[in-house]
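These protein sequence lines are chains A and B, in that order. All residue numbers for the first sequence refer to the numbering used here, where the first residue is 823 and numbers rise by one. All residue numbers for the second sequence refer to the numbering used here, where the first residue is 823 and numbers rise by one.
These aren't lab readings, by the way, just hints derived from the structure by calculation. Take the hints with a grain of salt, since some may be wrong.
Unchecked claim - Straight-line C-alpha distance at most 30 Å; calculated DSSO-like pairs for lysine-lysine:
#, chain 1, residue 1, chain 2, residue 2
1, B, K919, B, K1009
2, A, K1292, A, K1195
3, B, K1009, A, K1195
4, A, K1078, A, K1195
5, B, K919, B, K1035
6, A, K1009, B, K1415
7, A, K1078, A, K919
8, B, K1009, B, K1035
9, B, K1195, A, K1195
10, B, K919, A, K1195
11, B, K1078, A, K1078
12, A, K1009, A, K919
13, A, K1035, B, K1195
14, B, K1292, B, K1195
15, B, K1078, B, K919
16, A, K1035, A, K1009
17, B, K1415, A, K1035
2 protein chains.
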Amino acid sequence: MSSSVTQPGRDELARLLAGAGSAYDPEGVEALIEGVLAAPAEIGTGWHVLVADPMPQALADRLEALRAAMAAGYHNGLAADDFARLPRSERLARLRKELRSRGLDGFIVPRADEHQGEYVPPRGQRLAWLTGFTGSAGLAIVLRDRAALFVDGRYTLQAAAQVDTGSFELHHLIEEPPAQWLATVLKNGEVLAYDPWLHTPHEVERFHTAVEKAGAVLRGVADNPLDRVWPDQPAEPVAPVVPHPEQFAGESAESKRTRLGRALQQEGIAAVVLTMPESIAWLLNIRGGDVPHTPLPLSFAILRQDGTVMLFIDRRKLVPGIERHLGNAVTVMPPEQLGPALDELAAEGDRIQVDPATAASWVFDRLVEVGAKIHRAADPCLLPKACKNAAEIDGTRAAHRRDGAALTRFLAWLAREAPNGRLSEIPASDRLEAFRREGEYFRDLSFPTISGAGSNGAIVHYRAMPETEKRLEPGTLYLLDSGAQYLDGTTDVTRTIAVGEPSAEMRDRFTRVLKGHIALALARFPRGTSGTQLDGFARRALWQEGLDYDHGTGHGVGSYLGVHEGPQRISKAANAQPLLPGMIVSNEPGYYKTGAYGIRIENLVLVQPSDGSAEREMLGFETLTLAPIDRNLIQPSLLDEDEIAWLNAYHSRVRQTLTPLVDPDTARWLAAATEPIGPL
Amino acid sequence: MSSSVTQPGRDELARLLAGAGSAYDPEGVEALIEGVLAAPAEIGTGWHVLVADPMPQALADRLEALRAAMAAGYHNGLAADDFARLPRSERLARLRKELRSRGLDGFIVPRADEHQGEYVPPRGQRLAWLTGFTGSAGLAIVLRDRAALFVDGRYTLQAAAQVDTGSFELHHLIEEPPAQWLATVLKNGEVLAYDPWLHTPHEVERFHTAVEKAGAVLRGVADNPLDRVWPDQPAEPVAPVVPHPEQFAGESAESKRTRLGRALQQEGIAAVVLTMPESIAWLLNIRGGDVPHTPLPLSFAILRQDGTVMLFIDRRKLVPGIERHLGNAVTVMPPEQLGPALDELAAEGDRIQVDPATAASWVFDRLVEVGAKIHRAADPCLLPKACKNAAEIDGTRAAHRRDGAALTRFLAWLAREAPNGRLSEIPASDRLEAFRREGEYFRDLSFPTISGAGSNGAIVHYRAMPETEKRLEPGTLYLLDSGAQYLDGTTDVTRTIAVGEPSAEMRDRFTRVLKGHIALALARFPRGTSGTQLDGFARRALWQEGLDYDHGTGHGVGSYLGVHEGPQRISKAANAQPLLPGMIVSNEPGYYKTGAYGIRIENLVLVQPSDGSAEREMLGFETLTLAPIDRNLIQPSLLDEDEIAWLNAYHSRVRQTLTPLVDPDTARWLAAATEPIGPL
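Hey, can you work out the whole structure from these sequences and the hints?
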C-alpha cells in the first residue's frame, strides 16, 4: 500500500507522536493502521491506546484523519467492486502462471487460515479473493486446465451466484468430495501443492490418499503461491489485546497455566503447542479483536510443564500494562519466532503435544523435520474452557437476563410495527442491535444476525442484504437468530414469529420443533452421555412425520469467546465427548420449507447435575435464554402434559425475570405473550 | 499327544481306511482327531465325511472308538481340574523363565486369537490357560515380579473367583486400563513383548504410546513364549467346512467375489487381505464349525481385483466336493502360505487393503517389511454381509417363526412348571433347547443360553453352572436370553418372566424397559441415522427416573453366522455407521438390580424403508422375533396410547403367526398371554 501522507503532514504527525511520548514514527503508524484496517470496524478508536496512552486529542484527530484517508484506498479483496480492479479470470490466470513457474500442476485453496478457525481476517480470505465465494466453508482446487470449488449444501445457491462457473466447476463438498474429484482428474505424475499452514494433518492425510490413488504427488510448499499474486494483500489485523478481568474469568491465568502444566507433567509431556487463539485467550485471560464477533487475539503459544508460556504475537497489539497482567511466566515473542522455538523445544528431546485436528500441518512438519517426539492429542485448553466455572456461570446468567430484556423489548416493538407491513429485514435487525447495545458490558454481536422473512427464513445461514431482504408480510413467518458478546457472557437465541395469521401447517411444524426443543430441555441423562446420544430427542417428533432439519441441534458456546466452540456438540455427527457440568450448548431444532418459510427455536442451556432420586449420577439442562416463544404458532393439541407444563413454567420464569428489566409497554406485552397455555 | 492306538489296532484301522478308499493312514487320522477334539462337540460324527465318503459302518465305529479313547486323555487346558496337573503358579513361573531366557521383561497375553473374533478355539485360550479366567474379554500382562489381569465390569466377580489374586492383580479394563498401569510399573529400558498375531495395529499403537511413556520398549516376537511352555497345547480345530446353499445365501459366491473385486478395482486397489472367518464364510458361501455357536471356518483369504480368491485353510477340513462349489477362481492353500503370498502380492507394487481394526498386526508387519503399499480400510465384506438380501430376509423371518414357536412352547411349559417351585436354571434352559432342536434347519444354539433366576438375572453375562444355579421361586423374575443357528437364519431373544406375583418396583422397572423397547420398535428415522443416535430412545424412560443399564441396546446379527456382527450397532459408543435397509439388529434394553433381579426385553428387528408420507427417505424397524411379552409385569398406567397400541398389535401378530405352529395346550396359553391390554 502506497503512503497516504504528504511530507509536511508527516512531519506534523512525527511531532505529535513525539509529544505524546509514543514509540511510533509516522511510518510505524501507517503500518499499524494497515493492520487496524484489516481488523473489524468494531474496534473504533480502541486502537489509539496502542499508539500512546494517554492520547492527546490533537494526535487522536490526526490518527483518525490518517485512518480515514488510508481506508479510502483500502482493498481487502473481498468487496464485489474489487473485482473491477482485478477481474476473477485475471486472478486465476496469475495464480496458474505462478504455479507453472514453480513446476506445480495444481494448488489447493481452502477457506481456512493459519488458525483453522471459523472467522478469517481479510489477509486470509484467499478463497474469496480467488473465487468471489464468501461462505464460511469451502475449498477450491486449481489445476492447469480446470478448477473446482467445493461447498456444502448451505452454500450451493450462494456459490452459484458469486462465482464465475465458467472458471470454476461447482461441486458438493460432502457428496462429491475433493478427494474423489482429484482421483479422477489428476494425471499420473502431476504435482498438487498445498500450503501446510492452511491445513490440519488430518486433511493433508485425506488429500494424500486421493492424490496417491491417481499416481500423482502431493507437495507442501513453503511460500503460498496465491499470496505472491495477490496485489495489496491486506496486512495481519491489529486490534488491541486487553486483559480479561478475573471477575469474569473466575480463575487466574496463573492458576490455569499451573494446572495445565501439571497435567502435562503427569503425562510425561514437556510442552504443548497451542494454535487456537480462543485457547490462548482462555489460558492467559486476554481478549482481542482481530476477527469479527469473537474477541480473538490471533497468536500462537507454547505452554510448558512448569506453567510458563511463550506467546507468539504481534507485540504492537498489546495494550500498555498488559505485561503486568501476563506476568513473568509469560514471554512475548514475535510470531516468526515460533519455528525456531519449536526447533529448540525438539532439541530437548522430550515429547511435545500438538492437536492434529486443529493445528496446522506446518507445525507437525517442522517438528518432524527436527526429529521431535510428537504426542498427538487434543488441545488441552478445550475441555477446561468448555466447562464454565462458577463466575462464568453467574456471568452468563446475568448476560442472558440483559440479552433477554433487549430481545423482549424488540419483540414487543415488532408486535406493534409488523402489522403495518412496511418493516423489512435489515431495519428489524438494526433495531434489535440498538436495544442490545444499551446493555451493560455489551461489546459486539456474537455473529451476523440472521433476519429472515418468509422464504428467506428457509435459508439456514441467510444474511440479509439490501438486494435480498424482504418485508415482514402477513401470513408469513419471521426467523430471527441473533446474539451478543458481553464481557460476562456470550448469547445466541432464535425466535420464530408469526406475522399475521399462520397456516395450520406452520403451526403443526412449529409445534413439532417445539416438542423437540422441550424433549431436549427436559432430558435427564447419566454422566458420560454425549450430544450425539441426545440429538435424536430433538428430532423425534419431526421424524415421525417424515421431516427433519439439515443442521446440528446444538453447539458449544464460550464465555465472552466463540459463539461456536467445542469439544461438545449435539448433532448427528458421531462425537464421543460427554456433556459435562458447566458446559453451555445451544438447543435449536428447526424445520425449513424451501421457498416458503423457516422455523427454529433456540435457547442456550447449561449442563447441570440433575437433582432428584437416581441410582446413577444424572445430568440435565438449565435453560439460560430468556425470551417468550410465540404462542400464536403453537398447536396445543399436539403437546402432552409434560410439554405444556414445561412451556408454562418457562414463560412464567421469563415474565418474572424480565418484567423488572423492561419498560411498562414491553411489560404489558410480555404479560400477554407469556400467559399459560390451558390444559388440553 | 501320545498315540492312543496299539499296533494291532493300527493295522486294523489301516485296513479299514484303505478299504473305504480314504486318503488317510492311521497317523493322519489321529492327527485329524486331535483337531476334531479341539472343535466344539456339536460336530458329532459330522467329521467322518472328511475321512471317507461314503463311510463304511465298521470304519465309523472304529473312528468313534478312537476318538473316545483320545478324548479321555484330552486336556484343553481350560477345565478346572486341569490346574491339578499343572498348577497356576507353575504356569506363570514357566512363562517367566521363558521370557527371561529371551531377554524379555514382560509379555502381553490377550484373550484374542489370530482372527480377533468373539469365540476362540481351545488352542487360542492362552489367557484362560495362564490365569484360569474364562470370560470373553480380558487381558493379562506378565512382568518379572508382578502380573495383572484386566477385565471389564461384567467380569470382575468372575475373575476374582477364577484367578489366583496372589499372582495376578485384578484391574478394571476400562477404568484402570493396561496402558495406564504400564506407564507406572514399567521401568526405563525394559522390554515388553507381544505376539503380533494376537493384536490389531490399533491395539499395538495404544501399547506403544504407553510403553514409550515409561521409557521402555515394545517388541513384537515371532514365536509366542506362552505356546512354548504350554504342554499339550490343543491342535487347531478341525470341523467340516461345507457349502452354504444359494437358497439361503441369496447370491452366488461368484457374484459376491466379482462385485467386491470390481469395487477394489474402482478404488485402485490390487487385493484385500481378509482375516475375519465370518467374512470369508459370507464371501465364499461356506460354513464351518471350528468355534462354538458360530459356523466359522477358521481361515484367511486374499481377494483380488479380478474376483479370484486365495483361501488359506487346513485342507483336511474341506468336505468332499467343495472344490466344485468354490470353483476355479478360488485357490485353496495351506495357512502357512499366507506370508509368502503377501510377499508376492507386495512385489507387484500395487496397493493392498487391510483392516487395521480387525486384522492382526502381523499382517501389517509382514507387508511393511517387504515394502508393500498398504491401504487401511474396513473389511469390504462387513457392509454387504450386514445388509441382508431378499432370500436372507425371507430366511430369517422363517427361522424366527420356528424359533418363536419353540420359545412359546417353552413359555407355556414354564407357566405350568414354575409354580411347583422345583424348577431350576439348567433344566429350564435344557428344556428350551430340546424344543428348539425339533425345528427344521436347526444346527446349534447361537450362544450359551443365559438362564438367570432371581439375583442371577442381574448378572448381565451370567451362565448357569451347577454350583451357581438357582430355583425359580415365587416373587422373583426369571431372565432367559437365548437363540439358535438355523440354516436360514440366526435368532436371539430375551424374555423376562414373573414367577408368582411381582413387586410394584419390578412392574415399574419392567414397564420402563418396555417403553424403551417400544420407542425403538416404533422409531422412524432418515436414511443416514446411526444406532448411536437412536440408543437414547431406548433409555429415556429409565433415565427420567435416574436409572440405566450398562450394555448396548442392540448388536448386529448375521444370517446363519455370528449372533454378534458389525459394523452397525445401537449403543452409547460413538459409531458413525448408518443403519441401512436389510440390517438386522437386536432391540434389548434392560434394567438390573444387583443381588435382586434382572430385566431385559429383546427382539431382533430388521431395518426397512418406512412407508407413509415423508419429505425424506425414512427408515424404520420390522420386528422379527415372535414371542409373548409377560403381561403380568406391565404397569399399564405407565404406557401411553401409542405404546399400548404397539403392544397389542405385536401380541396379535405373535398369536396369529404362532398358533398354527404349536400344540393345542400351548395355543390356549398363548391366547391368554397375548390378550390385549385395555385402554387406560
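Pairwise hint evaluation, K919 (chain B) against K1078 (chain B), where the allowed Cα distance is 30 Å at most: 49 Å, violated
Under the criterion that the straight-line Cα-Cα distance not exceed 30 Å, is the pair K1292 (chain B), K1195 (chain B) satisfied? 57 Å, violated
Going straight from one Cα to the other, do K1035 (chain A) and K1195 (chain B) come out at no more than 30 Å? 11 Å, holds
30 Å limit on alpha-carbon distance, applied to hinted pair K1009 (chain A) and K919 (chain A): 19 Å, holds
Check whether the Cα positions of K1078 (chain B) and K1078 (chain A) lie no farther apart than 30 Å. 58 Å, violated
Sort out whether K1195 (chain A) lies within 30 Å of K919 (chain B), counting only the CA atoms. 34 Å, violated
Would you check the hint for K1078 (chain A) and K1195 (chain A), treating anything up to 30 Å between C-alpha atoms as holding? 25 Å, holds
Checking one constraint from the list: CA of K1292 (chain A) to CA of K1195 (chain A), max 30 Å. Satisfied? 57 Å, violated
Can the restraint linking K1009 (chain B) and K1195 (chain A) be considered satisfied, given a maximum Cα separation of 30 Å? 19 Å, holds
Compare the distance between the alpha carbons of K1078 (chain A) and K919 (chain A) with 30 Å, and conclude whether the hinted pair is satisfied. The hint is violated at about 49 Å.
Hey, K1009 (chain B) versus K1035 (chain B), does the alpha-carbon distance stay inside 30 Å? OK: K1009 (chain B) and K1035 (chain B) at ~10 Å, within 30 Å.
Taking 30 Å as the top limit, are the C-alpha atoms of K919 (chain B) and K1009 (chain B) close enough? OK: K919 (chain B) and K1009 (chain B) at ~19 Å, within 30 Å.
This entry does not satisfy hints 2, 6, 7, 10, 11, 14, 15 and 17, going by the numbered hints stated previously.
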